[in-house]
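Chains A and B, in that order, are what the protein sequence lines are. To convert, count from 1 in the first sequence and add 34; that's our numbering. To convert, count from 1 in the second sequence and add 47; that's our numbering.
Since the hints were derived computationally from the structure, they do not count as laboratory data. A virtual CB, placed ideally from N, CA and C, is assigned to each residue, including glycine.
25 angstroms max Cα-Cα, derived SDA-like pairs, lysine to any residue:
| # | chain 1 | residue 1 | chain 2 | residue 2 |
| --- | --- | --- | --- | --- |
| 1 | B | K104 | A | V137 |
| 2 | A | K140 | B | G110 |
| 3 | B | K117 | A | L136 |
| 4 | A | K37 | B | K104 |
| 5 | A | K143 | B | P86 |
| 6 | B | K56 | B | R159 |
Distance ranges between label pairs, derived from CB positions:
| # | chain 1 | residue 1 | chain 2 | residue 2 | range |
| --- | --- | --- | --- | --- | --- |
| 7 | B | K61 | A | M93 | 37 to 45 angstroms |
| 8 | A | I97 | B | R91 | 26 to 34 angstroms |
| 9 | A | Q79 | B | N100 | 28 to 36 angstroms |
| 10 | B | R91 | A | P41 | 15 to 23 angstroms |
| 11 | A | P42 | B | S127 | 34 to 42 angstroms |
| 12 | B | N100 | A | A51 | 42 to 50 angstroms |
Only some residues are given here: those of chain B computed to face chain A with a beta carbon under 10 angstroms:
| # | residue |
| --- | --- |
| 13 | I51 |
| 14 | Q53 |
| 15 | Q84 |
| 16 | G87 |
| 17 | Q88 |
| 18 | G89 |
| 19 | R91 |
| 20 | F135 |
| 21 | L137 |
| 22 | A139 |
| 23 | G151 |
| 24 | F154 |
| 25 | R159 |
Listed below, chain by chain, are the residues.
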Amino acid sequence: DAKTTQPPSMDCAEGRAANLPCNHSTISGNEYVYWYRQIHSQGPQYIIHGLKNNETNEMASLIITEDRKSSTLILPHATLRDTAVYYCIVRAHLVQGGSEKLVFGKGTKLTVNP
Amino acid sequence: DGGITQSPKYLFRKEGQNVTLSCEQNLNHDAMYWYRQDPGQGLRLIYYSQIVNDFQKGDIAEGYSVSREKKESFPLTVTSAQKNPTAFYLCASRYSPGQQTNYGYTFGSGTRLTVV
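Bound-form chain A, shown alone (with noise of 0.2 angstroms):
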């Protein structure tokens, strides 16, 4: 099961900031928070990640609580093609060989409106 709940859908304005929450209530200390979206009928894209500190990429940025049980991914200026399922996973990065599974819920569907 994934380690994370995500609200099914939610809609925002071209232009504006958009705003997606994620709960990860049972999050590890050596786990980071991962984004990722997936736009139609397309592969999953990696946005942004993070562990403790809030994280800014040409994507996006990504606020996370500060007892890490939470965390935001912030689309400054939505635009028409952000229109995608968003996913939020939490993983470890393994220092050495060993198994890991990428766990996937359900998402986000976000719809960017003109």
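Place chain B on chain A using the hints.
Below, chain B without anything else, positioned relative to chain A:
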């Protein structure tokens, strides 16, 4: 440009036939994965391989088989034993720990399999 190539994009299979989905990567990634996605659902792991000549079953391996004879290739065979094979299949790869600081997964564009 480096990436993952899945082929074909669309595949039709008659009941009782085995079919093989191709996944090739030129990213020098050690680990490769196969996922299945049904409409409105998340991804479910079928098989994964951490290194050449080694692979492990995921959560829904029944009716599927894989091989990992080369680092670049991880083909998935959907056998006649898979009762409900119609789905969207995604291949992914990633660096092994120590290879890179970015531990993100790279996904292919998927193969949509339909049983007719």
